[in-house]
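The opening residue of the sequence shown carries number 1 in UniProt numbering; numbering runs sequentially from there.
Everything labelled a hint here was simulated from the structure, so no lab data went into it. Even glycine gets a Cβ: it sits at the ideal position worked out from N, Cα and C. A portion of the hints provided could be inaccurate.
Said to hold, decoys possible - Label pairs and their in silico Cβ distance ranges:
no., residue 1, residue 2, range
1, R179, P244, 43 to 51 Å
2, D157, G225, 48 to 56 Å
3, N208, R140, 17 to 25 Å
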Amino acid sequence: MTATTHRRASPRLPSALLPADAAEERPSKSAPVTRTSPFELVRQLQALEAERASLEKAVIDGLAAVDPQFLAKVEGQAIGAELAAEQARYRAQLTADLIRGLVDVAVEAGLLRLKLEQTAQSVTAPPKEPYLVEADTDSRAALSASDLGRALGGLSDETVRQRERAGELFSILRPGRKRGREYPAFQAWTGIAGEPLNRVLAALGRPNGPSAYLFFTSPIDLLGGLTPIEALLGRLPLARDLEPEAADLLGRTAEERLSSVLRAAEAEAATGAA
Numbered sequence: 001m002t003a004t005t006h007r008r009a010s011p012r013l014p015s016a017l018l019p020a021d022a023a024e025e026r027p028s029k030s031a032p033v034t035r036t037s038p039f040e041l042v043r044q045l046q047a048l049e050a051e052r053a054s055l056e057k058a059v060i061d062g063l064a065a066v067d068p069q070f071l072a073k074v075e076g077q078a079i080g081a082e083l084a085a086e087q088a089r090y091r092a093q094l095t096a097d098l099i100r101g102l103v104d105v106a107v108e109a110g111l112l113r114l115k116l117e118q119t120a121q122s123v124t125a126p127p128k129e130p131y132l133v134e135a136d137t138d139s140r141a142a143l144s145a146s147d148l149g150r151a152l153g154g155l156s157d158e159t160v161r162q163r164e165r166a167g168e169l170f171s172i173l174r175p176g177r178k179r180g181r182e183y184p185a186f187q188a189w190t191g192i193a194g195e196p197l198n199r200v201l202a203a204l205g206r207p208n209g210p211s212a213y214l215f216f217t218s219p220i221d222l223l224g225g226l227t228p229i230e231a232l233l234g235r236l237p238l239a240r241d242l243e244p245e246a247a248d249l250l251g252r253t254a255e256e257r258l259s260s261v262l263r264a265a266e267a268e269a270a271t272g273a274a
């Protein structure tokens, strides 16, 4: 009599999780996301989470398809050994396919979350102050008249030059150049632009561009070794060791720091006039 084998039915799995020879061609999951609104990104992320849950359930159902009681009944028989090997191969292939699917879903979900966060940040970013240039790390950076005008709230080139002639802004000419004056970018940094810059230049006696630039970028003993730029900003664009006096100055209010810079500017002007 022919032995009747008993095999539990394998769970019905999504075609993307079957072995390669039994699955239909699966659409590529690396296709770029074409819609980038926050609502669409949330919907796609929810779909990926649902797919991951389906994959995890398939892992449990697939592993349960191997019947340990049946294998025990046929132990010691040739057909039992063959069936056990077949079940083991099926289990290994199924596990590998499911793990690959879970990894793909996890990677895509992570990328989608990142894109969603970036989109949310761009939507909720607060409006900037009129002076649009945030403090950079390079006090040597320079701008053209038109670029400085835009950074100062949309001033025209002519307005920038008028303010320079009035001593409210200054420009420099790089060594070895006869043309192409540039405006140090820190004149548009928040915390320096506007009234603070104008008051410091007035305390200096409305100096020429090179003299003003040298003052703003040089460490000053009266400021505890800080440059006037650092003192006005209340922080260091580039981290370095500080003297206690400098650290104390950085912790003061903006008006107190400006007063310290004005005293240093007046002392500089007095030294130059002597």
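Going down the list of hints, with the structure as the test:
At roughly 46 Å, the beta carbons of R179 and P244 sit within the given window of 43 to 51 Å. For the pair D157 and G225, the beta carbons lie near 37 Å from each other, so the given range of 48 to 56 Å is not met. Distance hint for N208 and R140: a CB-CB separation of about 18 Å, consistent with the stated range 17 to 25 Å.
When the structure is compared with the earlier hints, a violation turns up for hint 2 alone.
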